Every structure is written in structure tokens, then in C-alpha cells.
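Take the sequences, apply the hints, and build the full model.
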Amino acid sequence: MDDLLAEFVAETREMLAALAGEIVAWESNPADRARLDTIFRFVHTVKGNCGFFDFPQLESLSHAAEDALADVRAGRRQPDSRLVDAVLAVIDRVGVMIAEIERGEPLSEDADDALIAALSGALDETEQAIASVSGSGIQRSATPAAEQRTIRLPVELIDQVMSGVSEMVLARNDLARRMQGLGADTGLEAPFSRLSGLIAEVRDAITRTRMRRIEGLFATFPRLVRDLSTELGKQVFVELENGEVELDREMIELIRDPLLHIIRNAVDHGIEAPADRLAAGKREAGMLTISARQSGNTIHIGIMDDGRGIDVERLAAKAIASGTHTAEQIVAMSLEERIELIYEAGLSTAESVTSISGRGVGMDVVRANIEKFGGTLEIESLPGEGTRFLICVPLTLSILPSLTVETGGQTFAVPRSYVEEIVSTAGGQLQFAQVGERRYVTFRDRRLACVSLGDALGIGDDAEASLFVILRLGWGDLYAMAVDRIFDHHELVIKPLSPGIMQSGLFVGCTQLDDGTPVLVLDVAAIGYGAGIPRELHRPSTIAAHAAPRNEREGLRVILFRALDGERRAIAMSAVEQVERADVSAVRRPGADAQIVLGEEILPLAGVSEGCELPQRITVLRLGDGGQRIAYAAREVIDIGTLTGVLRRVNGQASVVGVTMVDGETAELVDCHALFSSHASQSSGHGLLTCRLDGDDAWMRNFLGPIIEAAGYRIVPEGPADIAFLDGDLRDDGECEARKAIRLRDAPGSGGGADGIYRYDRAGLMAALLRAGEELAA
Amino acid sequence: MIDMLLVVVLAGRRAVLPAIEVNSVIEVTEVTPVPRAAAHVAGLAALRSRPLTLIDCAASLGGGRERSDPRTCRAVVVEHGGHLYGLLVEAADDIVAARAEPGSLGADPGPGWSRVATGRVETEAGALPFLDIGALIAGPDESLAA
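Order-wise, the sequence lines are chains F and B. Our numbering numbers the first residue of the first sequence as 1 and each following residue consecutively. Our numbering numbers the first residue of the second sequence as 1001 and each following residue consecutively.
Some hints could be false.
Not the full set, but computed from the structure, chain B residues with beta-carbon under 7 Å of chain F [unchecked claim]:
id, residue
1, Ala-1046
2, Arg-1048
3, Ser-1049
4, Pro-1051
5, Thr-1053
6, His-1083
Rather than coming from a laboratory, the hints here were simulated on the basis of the structure. Computed from a predicted model, the values in this text were never measured in an experiment. Think of the CB as a built atom: it goes at the ideal place given N, C-alpha and C, for glycine as much as any other residue.
Quick look at the structure:
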């Protein structure tokens, strides 16, 4: 079950349990205002939640109860015993529905309408409705609802358990040492190893409760970038790196908004339009790299684009214009300092305010928000080359996979996420070069600068060391760290260090080995940069050059989905503009010529075969080839993947290119070309239908006209037409000379019906238009 | 009113710490040195599963006093700013009651002392300097103040 849905079920159950006592009290005294308020809040919350989750039955039921209770609260209605009974029946029914939702069953068709009628005061139906619900109550006790499987806990409690488990690990290790002293055959080995196993399990479990992979957050970015870039007419390729990094779930929530803001900025202001990129000698599609690395109690999140870079000159000019800095001050500034101007409140390099970014929330606010929870934000930018943002956020409690190394007789831990490889001269294949005092080692055709850990820490000189840890810093810069020995990989719990020790900037935290010895965790970035490794902006152009040989994953990016007929299909991701859910009622003429109303558009709908049974809710992939748009119906989206396997042709299947393997299962690749060629004619088919706009001329012509034309109808100024739009004020005097009329009215209100459609209800207009066209065609 | 005070011996002189601030007094066996740390940071030890930053109080007094050997010292465990510290002192044995609130330090108690002691307090064991835990942890270099 979906996390959110599980939360909803848990929350509702919790409220139901808490409500049980209130209900009894209210029943004995219906005039009790406090109880009434509690019950009202409950149905109100349920109503709000199920609107979000799309349970129309549950929503209408709780809505009816809310209305009835609101009347009581407002004194418009007396809480008589019938109403009390009906409300209680509703609450029981909500309980039954929640149990059904939890079991993943469809909501049972029950006497909900009768219950709603009972609530609204239709007396005669009350008895029957309530009786039917009590009937289902008996049914429920026959098949007991699944036990509640989630609970919510305060984070402090988990912290407490976590530290208790850490102590247990140390106690176990102590015990292990003492047992070694006792010699073999103490008879304790078996229970001890069992104990060890159990402790490890508990530790894993409790750790997982707090941690969540950052992947969950990252997974939403490609879609966001895709939508943004489509809207802006840009092409952006998103590359995500190291989504395995785990982060405290609270921290994930905290970094979400700043990240979104930076990504929006990067797509909107950073990456240029395709034509500008080509003119600048870049690839048409921009590249946005989002990476996460863990280093002790810090997570480094990088967002890098290969766009135009921050326009430092304009920034400087604006700073001077706004009077925050004088021209002399600006001249004296370094490039870095000028980039920092972006943090000045109210400065932005954007020429115009767009809907995507530049709503007045500046980088100053983003930085302030990151700093509020102890993080930092750094920006580096090169005009014409790109911009990179580096967000560092603390991670107070974290399990860090690390490599332990020794230098100068002391053990240190290196976060494994930085470790690219370990190389040693023992293999005999290392080449060195000496440039002044700096030694370089050749690693995969690159000369990497060597940094002696002993030198960096001032605890010994291993200039002639033969063992190197190749480290990859946040932005792809590599260097080789010389160490004396390499021990092992560990999963270590990182503890924060006191400020006095953090001062040196060489460490990010401290951890304990199994015997309880504290070990410092190295800040390999600070050590590298501190030893003079240049901070190179890794130019996207060089990435592209390197990408070709190394990137064997480069295949067609596809969205995997389950089609309505149950087949697993894949479709090129570049063709998919949007994925949304739609109600089956939006589909017209199921079959080969099916159409669907999506928001304000009518699109040909593919993926629906003749006579096929449609589920109540379908997933719709909105496809586009740049001009044409087609909707593709599916049951669900499974995943996003890359096609790497061989594509096999299937005979007799016109709509698919072939079959291939994705993640060990077969998937049919949808033939987008065939799709668009067969549906393209359909969408222009409405050109035959003519449309006349009567009434308030300017509004009709200027507001309504263009969208009607865009939908594929031809506007005729006067005379006979297939469809006529009538202003609500015009009397239908039978002179409209049209086969179908659609009446508009000026005020919004309930339903379309006889008095027409509200003139700004665009979706309603489109649906009416489609219906009219359909009836004409029939 | 500060009631109970822990008497410690620091650079051969007695001084007091507020007993309420003290978690425990331990003997340190294993010390992990911290490279490139300030001179008065003696290293890291572990108190069960929490790291303990060891502060060489004699070095913290400054004035070129020799670094003490953690293994011969007692560590007074205190929590400061959310972190655990072990204040290394030569001895920490007695708990005494204060007879009055700490007053002013009076005459200059000598190099370093005027910085780490906030005042003078009358106790059952006589008048003793009242130590400031934050100043001890910060050490002679004021820029490290936590």
C-alpha cells in the first residue's frame, strides 16, 4: 500500500479509536457541544483526506455527516435520536470502509445513499439504512479487520532506543573480549552468537526507522525538470547520482523546498534555449546533474547545470544600481565575491519574472532556509560553462559505510561514498610523475595528484607510500590519498564531534570501532582541497566526451507501464509529456477512435481496444511529438528504465515496435510513430464541423473563438453551422440555425444542465463541444 | 545558591567545579589522539557509546604548562553545548559544600587562572577558585570559544 494511504488509514483508525468514547457520551447527551465538536472534526478530517485520496463514496458520506452536524452546531437542527443514530451509523460505516481500504479491496456497495438521506432528515429511510449498516457490522465481525500494522512514534523515543542498542553492541563486544580470555569451549559460544545476531537485527531495524533513502526525493526531480523544460521549450537531461544515500527523514523534508527552488532556477535561468545552446557550441539538450554524497554527519547535495552560468556582470550592475555596492567595491571584488552577490536580497539576473522561478523568492531566502537547519550553500559559476550549487546538510544520526585506514600509527575512517578505488604499487602497474614537490599517480589514463594523509594531519610522512585510496570529491574531482595501511569496510554510527575538534576542518565526525575505540572520520574534501587540489568546475563538455565510451547504459529511456490489456509495455520517455489519472467518465467512444477530455483538452486516446472493459480510474500518459498530442490509456505506471537489450520484432502487432527485456521481464515497446500517424488524422477530423458564436461579440470572438479553433472546429461568422454557442442572455428564438447549441451563462453555479455552462468552465465547455460533435456524428 | 562543589587539583592547585554539572569522574585508559587540534585538546575517548572530548585542563590554563598524561589523570565528565567533555585534572576526590555564593576573584590569581576562574568561593575546604567549564573547554585561544 502507498505510504500516504497507509498513513491515512492509520490516522483514521487512530481517530476512530479515540472517538469511541466520545460517541457513547454524545449518544447519552446529544446536546453536549464539546462531543459534537469532536465528532464534527472527525468527519471533517475524513472528508478532507478522502478528497485527496479519491474515495468518492467515503467522501460523500462524510460530507453528508459534516453537513448535518454543521446544521446542529449552527442551531438549525436539533440532535434528535434519529440523527444521532444516523451519525453513529456513518461512523461505523467509515470504520468498515477504512478496513476495506486497508485490505486493498474495492469499497463495498452499501446503503450509503440511504444513510445520506437519513442524515439529511428523510425520516422513513432512517430505520432501514441504519439496519443495513448494523447488518454490515455483523458481517465485519465475521471477517475481522486486519490488525493495525503501523503506529506513530515520537522521534525522541526512537533516538532513545537507538542509543540503547548502540550500548548493547558495545556490551556485546566487551563480552566477546572476555570470552576470548576464557579460552575455547566455554559452552557460551552458541548463545553468544545468537545474541550477536539478534542485536544486529535490532540495530538494523531501528536504524531503518529513522532513515530514508534520498532516492525517494530525487525520484521526483526528473519529472519536475521535464515538465518545466517542456513549458519553457527547453531540453534538459537529468542525471541522478547516488540515490542510495540515506538521510534522516526529517532532513529530507527540510531540504525538499530549497532543492526544488534551485532546480527550478537552474532550468529556468541556467539552461539556455536549444537554439542558444547550439549557437554557443553546446549540445542542444542541457544537462542537469543532481548528486548526493555522504560524508560523516554531512550530506553533500550537488546540483550542476551546463547552462549559461550566473551573469556576474549583470549582477554587479544591479548591485550598483540598487545602491547596495559602489562601483569601486565591485571592481575590488573577486569573481567568487561577485557570485556571492546573488545572495543579496532582491537581486536576480533574470530579465523577466517567469511563472517558474523569480517569484521574488531569492537565493538569499534559499540560503537562509538551508542555514536554519545547520546547512551551507555554496555556488560556483563560470560564464558560459555552467553553475553548480553545493548544499551541505548535517546528519546528526547516521550509519556510514566506511573504509578504515591507518597512517602514522592511527586509525581513521573514510566515508565509502567517496572511495573510487584502492590502488597499490604492489601490483607493479602504477606510474608516478613528480612535478616539483607534488607526486602524481596515473590512474585510468588520468594523472591524479597524491596527497599524503600523514602530511595533511601532521602525524608522519608517507611521501613514498605505496598504497593509495582514490577519492572522488563532490564534483567529480579525483585525487589519490596516500595511507600506510587499509583495514576494512565497516558500517559505522557517526557521532558529532565537539566544536574544538571540528575547528581543524579535517574531520566530520567520530565513530567507534567494535572494541569501543573512538575513530575520527576524515573530511576527505577538506583534506584534498587543503592540500592544494584545485576545485575544478567539471565542464559538461568534457563529461560528454568521456561519456561515450564509459556509458554502456546509454539506451532509450523509457517509461514502463501496464497497459489496459495487462501487457507490460514501454514507451520512449521523450514522447511522454505528462502522466495523470483520469476518471473513466472522461473517455468518449471507447474503441479505436476513443477520445478523452484531459483538463481543457480533447485528445485522441490510444491503448483502448474495441470493447475492452475500462476500470473506473485509468492512468493516462500524455504523449507529444512536438505538435500533436495523444493520450495513452494504461492501468498503471510501473517504473522508468533504460532499454539496453535486443529488440525483437513481433509479427502482426502494428502498435508495438518489438519486444525486449527490461529488468528481467519482457516489455513491448510502443511504436510512437505508428501511434501518431494513425491518430493524427483523427484530431483534425473535427475541421469538418463548423461553429458559430452568437451573442456578446467581442468576448465570444476573442476569448472563446481561439480555443474552439484550437480544438479543431471552424468558426463561421453567420449562417448555418453545426454547433452554435449562445450567450445566456440571448433568447433561443429558434433562429440559431445550428444543429446543436451550447448555451453559456455568466455566473458559476451548480452543474451544467438546462441553464448552460459557465463561460469560464473551460473543461465543461470542451466536454460539451465533444458531446455535441459526437451526437452530430452519430 | 550553589550547594555542592567538586574539588579538583589543577596544575598543582586546588579549585572547584559546580558538582551539579558533573556527570561522573572516570579514569581514562584509551585515548585517540586528534591531529591538528588545539594544544589543550588531549584527544578522544569513549564513554560507553558517546565520544568524549578530553580537555587537558593544565594546558587550558596556558602559560606554557606541560601537557599532562591522560592516563595518570582523572577525567571529570561534563556536558557542554550538547557534547560530552572529559576535563583532565590531577585529582578529583572531594565534594564540599559552598558557604556562600562565588564572589569576585579579588587579586590576580596568576597567569591563566584569571581566565578560567570566574570567582572565588568560600567552602568548607577554604577559599578556592570557582572554575568556568566553558573557559576550560575553550582553552587559551579565545577564538575557540564554544
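Discussion item. Could you work out which of the previously given hints the structure breaks and list their numbers from low to high?
Written reply: As far as the earlier hints go, not one is violated by this structure.
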